[in-house]
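Let's have the full structure, built from the sequences with the hints guiding it.
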Amino acid sequence: MPDWSCGLADILNDFLATSSIPPYDSKVHRGIWRTITLRCSLRTRQIMVIVVHAPAGGGVGKRDCGTDDYSTVFEGEKQRLVDMLTKDAIPTPSRDFPEGYQKEEEESSADGMKVTSIFFQEYVGLSNPPPEHPVQHVYGKTSLEERLGKCTFQISPGAFFQTNTQGAEVLYDIVVNRIKEVTTNPKDTLCVDVCCGTGTIGLTCLKEGVVGKLVGVDISEPAIADAVVNATKNGYTDSATTRFVASPAEKVLPNEMKNIPKDCPVVAVVDPARDGLHGVVIRTLRSNERIQRLVYVSCNPTGTLARDAAMLCSPPTKKYPGRPFKPTMSQPVDMFPSTKHCEMVMTFDRMSVEEYEQYHGKA
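Just so you know, my numbering puts 220 at position 220 of the sequence shown, and the rest follows in order with no gaps.
Derived by calculation from the structure, the hints in this document are not laboratory data.
Do not take every clue at face value.
Here are the simulated DSS-like pairs of lysine-lysine, each with C-alpha atoms no more than 27 Å apart in a straight line [stated by the list, open to error]: (1) 78 <-> 27; (2) 62 <-> 87; (3) 262 <-> 326; (4) 318 <-> 362.
Here are the in silico distance ranges between beta carbons for each label pair [unchecked claim]: (5) 303 <-> 37: 20 to 26 Å; (6) 290 <-> 97: 51 to 57 Å; (7) 150 <-> 57: 38 to 44 Å; (8) 239 <-> 132: 21 to 27 Å; (9) 261 <-> 111: 49 to 55 Å; (10) 83 <-> 55: 41 to 47 Å; (11) 336 <-> 89: 27 to 33 Å; (12) 130 <-> 287: 29 to 35 Å; (13) 57 <-> 26: 17 to 23 Å; (14) 310 <-> 91: 49 to 55 Å; (15) 339 <-> 313: 26 to 32 Å; (16) 339 <-> 111: 23 to 29 Å; (17) 150 <-> 184: 18 to 24 Å; (18) 57 <-> 139: 20 to 26 Å.
Since the structure is predicted, the reported quantities are computational estimates derived from the model, not experimental observations.
Built from N, CA and C at the ideal position, the CB exists for glycine as well.
Shown next, in the form of structure tokens:
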């Protein structure tokens, strides 16, 4: 864990130890303070803090006697937490590192950093709030900026962004190279970016010159709002060049594909959550044979990537028509060092008519 996050954890521990409001107990659904999310860019020296809490009057398990109602003290405690987080630069905690340990250059640049934005988010549900759940901005900037490759990106509290920026640059370089291999006329090539988030992959491909147009689709409205801003930030203001759609991909992708001019070369990138791709999305990608290359970025390679690959590559059926894809390359990327998890970039190429007839006979 980096020093800045440990320093913030120390501040939060001090606050909770002295707060008249108890932490949330997920077993009985009482208490107020639920979770803290910390987002940081060492490159722009910005830190965002998001505090999720139950209603001040009590969570869903509050007792009728009123002992779980903290309405009279909640606003004062909120302000005290803000004051503690913003009073000074984040303290560097004393830590027992192994002998000979040296900080990386980027990690050392965190010294003297301050919190630049704070949000509170009230949530009464039993699990975690969805990305579009409203937040209350109480301090500083309304978003966080990160520099990744040649691009600068705005990140809102509810928007997904890769947690490892240096790892993401390695990941995106792989995606760019896989697309570059097949784009003989990049300026006229359209990238369809499914589950695009804040637009990072598609805009990186534009900036690197491997495609000339971009359509991004994502279910998260905050992420799409950021993607629109990010396109402008990085010099793409023409709607004919970049367009982003806030919707579940399965609801809009079929029509989006129909609206693409027939003479326009198309490549597709998908970067779904752990649940993988919806069946309608797989059907749409398979049935549009202009897509000769599909780059699949997966955070669940042994689960949903394996499942989706089977549907992309199996012989055509009524449910999944079109000549199948075939996997041609896979590259793991260690985005989560010292854990068992990794990202996988798998490249799928459309099976040629000759290959299909060789293995499956004439259609």
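Hints, one by one, checked against the model:
no.: 1; hint: 78 <-> 27; verdict: holds (24 Å)
no.: 2; hint: 62 <-> 87; verdict: violated (33 Å)
no.: 3; hint: 262 <-> 326; verdict: holds (23 Å)
no.: 4; hint: 318 <-> 362; verdict: holds (16 Å)
no.: 5; hint: 303 <-> 37: 20 to 26 Å; verdict: holds (25 Å)
no.: 6; hint: 290 <-> 97: 51 to 57 Å; verdict: holds (54 Å)
no.: 7; hint: 150 <-> 57: 38 to 44 Å; verdict: violated (49 Å)
no.: 8; hint: 239 <-> 132: 21 to 27 Å; verdict: holds (23 Å)
no.: 9; hint: 261 <-> 111: 49 to 55 Å; verdict: holds (53 Å)
no.: 10; hint: 83 <-> 55: 41 to 47 Å; verdict: violated (23 Å)
no.: 11; hint: 336 <-> 89: 27 to 33 Å; verdict: holds (28 Å)
no.: 12; hint: 130 <-> 287: 29 to 35 Å; verdict: holds (30 Å)
no.: 13; hint: 57 <-> 26: 17 to 23 Å; verdict: holds (18 Å)
no.: 14; hint: 310 <-> 91: 49 to 55 Å; verdict: holds (51 Å)
no.: 15; hint: 339 <-> 313: 26 to 32 Å; verdict: holds (29 Å)
no.: 16; hint: 339 <-> 111: 23 to 29 Å; verdict: holds (26 Å)
no.: 17; hint: 150 <-> 184: 18 to 24 Å; verdict: holds (23 Å)
no.: 18; hint: 57 <-> 139: 20 to 26 Å; verdict: holds (24 Å)
Taken one by one, the earlier hints fail for this structure at numbers 2, 7, 10, listed in ascending order.
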